[in-house]
Each structure stands twice: as structure tokens, then as C-alpha cells.
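Given the coordinates of chain A, assemble chain B onto it according to the supplied hints.
2 protein chains.
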Amino acid sequence: MKIAHVAAVALLLAGTSYAQQPQQEATPPVPPGARHVPDHIVPVPDTVSPQMQAIIAQPYNPNWNVVPKSPGEWKAIVDKAAAAVVATLPEIREKLGVTVQPTTIAGVKAFIVTPKVIPPHNRDRVLVHVHGGAYVLSPGEAATKEAIELAGFGGFKVISVDYRMPPDFPYPAAMDDAMAVYRAVLKTTKAKNVGIFGTSTGGGMTLAMVLRAKMEHLPLPGAIAPGTPWSDMTKTGDSFYANEMLDNVLVSDDGFLHAAALLYANGHDLKDPLLSPVYGDMHGFPPTILTSGTRDLFLSNTVRVHRKLREAGVEAVLQVFEGESHAQYYRDINAPETKEYNAEVAGFFDKHLGR
Amino acid sequence: MKIAHVAAVALLLAGTSYAQQPQQEATPPVPPGARHVPDHIVPVPDTVSPQMQAIIAQPYNPNWNVVPKSPGEWKAIVDKAAAAVVATLPEIREKLGVTVQPTTIAGVKAFIVTPKVIPPHNRDRVLVHVHGGAYVLSPGEAATKEAIELAGFGGFKVISVDYRMPPDFPYPAAMDDAMAVYRAVLKTTKAKNVGIFGTSTGGGMTLAMVLRAKMEHLPLPGAIAPGTPWSDMTKTGDSFYANEMLDNVLVSDDGFLHAAALLYANGHDLKDPLLSPVYGDMHGFPPTILTSGTRDLFLSNTVRVHRKLREAGVEAVLQVFEGESHAQYYRDINAPETKEYNAEVAGFFDKHLGR
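Sequence lines, in order, name chains A and B. Heads up: the first sequence begins at 88 in our numbering, then just goes up one per residue. Heads up: the second sequence begins at 88 in our numbering, then just goes up one per residue.
This is chain A alone, in the form it adopts within the complex:
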């Protein structure tokens, strides 16, 4: 006992492997090598702002496991959700001094999101925004929250794409719309002066747009900012399991999220790089800033893309916010973390976009 004890301690923290030990018991049986993490309590961290503590303290999004049964059920959820978001926007626009103008670009609905002052070095720059919401939520004006923030905090003109969504318009309608707007923007703005950004689904689309621009031999944007991208729609990646029931926004892939993936894919392979861009070829990508949180169900979706970009020789920056679940970094414009996130992304675009 003494010898085994000492030999095992021998390797504690020393960076080498130690002898195989019997796996601890669990019900159901634990697959070989899998970790059985016992029931445990994770307190609200005191290492984030009070505003972020309040967000982290919220209970699970109570509808993470709702699976709508018909197009009508999807639409009812989507419409009510959009109305709730839209109600919050006037105050945010007002505080940040941003105006939002609906328009149509190349036949696609969009919003021109404009800050009160565009500094001279941003006058010939445009950001294209693709919103989040599992490819089904946030139609219309509900799409614009993140665009308002970056316009306001960063002093950029932003075009937010109100792309078509299922149940009426599954893949590839959303991507077709986003690409149509990108092509239209290229007619008036040099590609190097164009940035693309979005969170969650919008992060996945941002990456997929660059993959598609490569396929279509379009000039690539000057820089991109995919936030916690839905880069893998197949529940592949460690944090899908490790952060399950810890992330209070997505909570788990097994519920609304997976149902939305199937609704959007409409029979297409979920591993197609235009749906799950982590499987795409990222050589030649523009400079990229990625953001996630330590509790994010998509932490692996984010770091896997970061590693893949770095392996492809791309200038890729990663930031991971303490204690945050999915996409909480832009939740509250009064939280210092939200200002910090927007300042980082704005600074990254300023550094890398042409003028």
C-alpha cells in the first residue's frame, strides 16, 4: 500500500501518466475512460461583475427542452420571442445613440444600423451582422440587438441581415440571403474593409460565409468575429457533455437545440461544413476573433475552431469570459463584461480592416 501510494503521488502535478486505477462505480455503467462527475454545486462566482453575477444566477432557461411539434408551434414560439426582444430594443438604441433603418438589399430584408457618430477611420468600413437564435428565432427587428451594440460601442456602420428561416425556409435559404447581402456590399466597399460577425448561429454562419466565399471565389472579408459559434451541430465536442446542465442558456443539446438543427438542416448532412463549419478547410481565412465563456455549452465549438484556424496559419484570437454560459458576454449593455467584449471586437476590426 505504501509503495503504490508513493508511486502514484510520484506523478501528481508532474505531467506524466500514472498507473491505471479501477474506475469509480456509477449507475448506469461508465464507458471506458469516461469521467463520472458526481452531483455537485457550482456557486455564483464572485470573480465577475454584479451585473454578470445576476445573469449567471438565473435558473435554467426553462424551455431548453421544449420541442415544437408542428410549423405552427414553431411559429408561435418564434413570434412571441421576437416580440419580447423587440420590446427591449428602444432603450438600448437610445442609450447607445444608434438608429436602425429597415431596408432590402439584393432582395433580402436587412437593417442599416448606424451610430450617431462614425469616426473618420470607419467611414469606408462596413460590418455585416448575422444574428443568432438556432436558425429559427429572432426574425425582423429582434435580430438587431448585437448589431446595435457593436455599432454603438464601436462606431461602425452595421448591416444586419434578416435572413429567411425555417420552418418555411430551411437550409440553404439563410446562407443564400447572407451571401447575397455580402455580394451586394462588395459592390460598394472593398472586401478588406468589410467585417462579418455574429453570435451562436450567427457565429456559425460567419464561418460558413467565409467557407462559401472561398468556394465561390469571392474576395474574403478583412476580419471576422464569430462569437461562440454553432460550429458543430452534431453534439460532438467535450463541452457538450462537460458543461451540460451547467450552462443556464443552452443547458443541453438534447432538446430545443437539436430539434432546431434538424429543422434547419431539413435532411442535409449536419456535418456538411456549411452547416457545421468546424469541418471546413480554414486555410486562407481572414484574421478572426472568437469569444466564449467557461460555462458555455459551445466552449468546445469555439476552441476547436480556434485550434483549427491556428493550425491553418490564421491570425486567430480567443477570449473566454469567466463563469459565463452561452452568449452572455453581450447580454446586458450595463455590464462591464459587455463593454469589454464589444471593445475587444471593435478594436480587432479596427486593427485588421482596411481603411
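Worth flagging that the hints you see were computed from the coordinates, not collected in a lab. Remember, it's a predicted structure, so these values are computed and weren't measured experimentally. Here a beta-carbon is modelled for each residue, glycine too, at the ideal position from N, C-alpha and C. Be aware that a few hints might be false.
On the chain A side, residues computed to face chain B include the following (Cβ under 10 Å) [stated by the list, open to error]: (1) Gly-120; (2) His-123; (3) Val-131; (4) Ala-141; (5) Leu-333; (6) Gly-380; (7) His-393; (8) Glu-427.
So, partial list: chain A residues that the calculated Cβ filter (under 10 Å) puts toward chain B [to be verified]: (9) Asp-126; (10) Thr-134; (11) Gln-140; (12) Gln-145; (13) Pro-146; (14) Tyr-147; (15) Ser-379; (16) Thr-389; (17) Arg-397; (18) Glu-398; (19) Glu-411; (20) Glu-424.
Structure of chain B alone, referenced to chain A:
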């Protein structure tokens, strides 16, 4: 019910807050806002190399909760541990073509770690290495593994500091030794050409050395690479709780790790920035590359330092490896992730150090 249901879904993935819901039940009672994460299984990810899968599949370090009761018990563990590590080194030195020469610098024991070939642009550069091991493990040659790797993969001359440790020499002996070597190196090498790196305790010491260099008005190194730094010794930070019993190396703060912290601190305040550098003033820090893993108990220790450096305007790079627990990124020199880690750190030093 229908209305509450719809209103709640309304905000799913939409980035806004939803109404407070009753907290789910747990035993013991869950503090307000705390997350009660149920018992769950985290499989070995198939998103990492086979070599890394084998490391991730290992059971808990069986001695994470061993608390030695006397100096004799500490020393017995340390000596046996060191012998086990040293036994692995000849093969690593051989494979990487690195020689290790014991020496004494300013009265401090150290090792000169030299690759077969030092490329011309690295001839006037030196890296100072401070090893990991909870301030108590890895005396002598056992300290050199990480130094051998970066010398071999990166083509750098490395000086690995064999600093004094408790139980005989608690804080500040380790820091005094590391600073004595740094001062000595500055006599022959320009500070801008000097890098400092280390993992875990070595990551914490790397940060603390810059804090102390600032206090002592020494010129600062050209760049630093603190890997998964023990930047907070007080079990403060979300991943101390979120990744508890998930990380198979450190497993939990409540055991060997906390005992080692108290042994080293020897009555000093654990929140002193020279012990827990996350509490230090990081303005003026040199370019910094930080590394962690998604399962790392020190993920928060890493990202908190990253955010703090960025807030202070420092060029700070973060990389987080998929599925990895504490310090597994340099575990196996045959794993692609280990080569990638060393290539990233070597490239960062090459980019930022003077020539």
C-alpha cells in the same frame, strides 16, 4: 401555463434575461443562484488525438486528496515522485536532441538545457524556466521536462531554475531563487531577449516574477508564457467548482493542492500578489501567451489573468485545448497537441523577443 411557456421560450438564445424560476431541489440546499449540476457522464472526446484521448481517459490522479502530515511525509512523496519523473527523461532528451547540464547561478541550483542546434536568430536569446509541482514537487532534474521540450521543439537555450522549496524553504525562497537567476541572466543578456515560462506553479511564478521585477525596478522580460498558472491560491474562480471531479490531474483544490498552498505560504496571506498574482497590477506587463484546457481546474485561473492583462492594455494571447485537464498540453511529446503547444509558445517568443 401557455403564456408563461411562450414568454420563457421568447428569450431562448435571444440574449436577454427571463423571469426568475424556482431553483431545482438539491441535497444539501443550493445557495441562491448556485447551479446544482446533477451526476453525469463525460465521455472521452473524439475531437482530440488518440494520444490525448489516452491521457484524458486516465482515472483520477489517485493522490489528489492525500495530505501529508509531517515534513518527513512530504519529503518521502517528493523524493519518490522526482525519481519517477527523472526515469522518463533520458528518452525525451534523446528524442528531442537536448542536453541538460547542472550548474549554479548566483548561488542557486539550475540546469542549462541546450538543443542540438540553436538557430541564428535565437543565439542571443535565453528562456528562464520555472517548473511546476505545487511548490513542493519536482526538485532537481525532475524540474527539467518542460524545459527540455521547449528547448527541443523551439531551438532555444533554456535555464531551468531548481528553486528551493518547502517544507525546508517556504515562501519567499522559491521567488528569491528565481529572481536571483533572472538578475544574473540580465548581466549577459538584454531583458528584451529574455523570456520566462512555466506551467501551473511555474505559471504563477512567471507572473509573480514580473510583478517583483516591477517592484524592484528591474527591466522586464521581452515576453512570458505562463501555462495554466496557479494565479489564485484561494479556491476563488468558477472552474475550481465547475471542473471539480472532472479534471483528472488536480481533481479538486480540497486535498493535496490546498495543503501544498499552506505549506508554501507558511502563514503569508494567500492573496498576496506574489503568491496569487491575479491580484497584482499587470500594467506594463510584456506580451504574454496563456494556455489551459476546457476541463482544467485552473481554467478560471488562466482566463482571469487573460482578461486582467487585456484590461491593462497588454498584448495577451489565450489558447485553450479541447478536453484537456490541468497541464496535459505538454504531457506526451508524441501527441500532436504537445507539438502544437510548444510550436505556439516558441513562435510567440520568436515574435516578441529581441534578437
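We went through each hint and held it up to the structure:
Annotation: interface hint on Gly-120/A holds; nearest CB of chain B at approximately 3 Å, less than 10 Å. Evaluation of the His-123/A hint against chain B yields a held restraint, the C-beta minimum of about 6 Å falling below 10 Å. Restraint check, Val-131/A versus chain B: the minimum CB separation of about 4 Å is within 10 Å; hint holds. Evaluation of the Ala-141/A hint against chain B yields a held restraint, the C-beta minimum of about 8 Å falling below 10 Å.
Checking Leu-333/A against chain B: minimum C-beta separation of about 5 Å stays under 10 Å; hint holds. With a least beta-carbon distance of about 9 Å to chain B, the hint placing Gly-380/A at the interface is held under the 10 Å criterion. Look at His-393/A: its Cβ gets to within about 7 Å of chain B, closer than 10 Å, so that hint holds up. For Glu-427/A, the suggested interface contact is upheld, since its CB lies about 7 Å from the closest CB of chain B, less than 10 Å.
Satisfaction of the interface hint for Asp-126/A is found here, the shortest Cβ-Cβ separation to chain B being roughly 4 Å, below the 10 Å cut-off. About 5 Å separates the beta-carbon of Thr-134/A from the nearest beta-carbon of chain B, less than 10 Å, and the hint is met. Given the 10 Å rule on beta carbons, the hint for Gln-140/A holds: about 7 Å separates it from the nearest Cβ of chain B. Restraint check, Gln-145/A versus chain B: the minimum CB separation of about 6 Å is within 10 Å; hint holds.
With 10 Å as the threshold, the beta carbon of Pro-146/A comes within range of chain B, its nearest partner Cβ sitting at about 4 Å, so the hint holds. The criterion of a C-beta within 10 Å of any C-beta in chain B is met by Tyr-147/A, whose closest approach is roughly 7 Å, and the hint holds. The interface hint given for Ser-379/A holds, since its Cβ lies 8 Å from the closest Cβ of chain B, which is under the 10 Å cut-off. For Thr-389/A, the interface hint holds, the least distance from its beta-carbon to any beta-carbon of chain B being 8 Å, beneath 10 Å.
Residue-level restraint check for Arg-397/A holds (minimum Cβ-Cβ distance to chain B is 7 Å; threshold 10 Å). Hint on Glu-398/A holds. Least Cβ distance to chain B is approximately 7 Å, under the 10 Å limit. Look at Glu-411/A: its Cβ gets to within about 9 Å of chain B, closer than 10 Å, so that hint holds up. Nearest Cβ of chain B to the Cβ of Glu-424/A: about 9 Å, under the 10 Å cut. The hint holds.
In this structure, none of the earlier numbered hints is contradicted; all agree with it.
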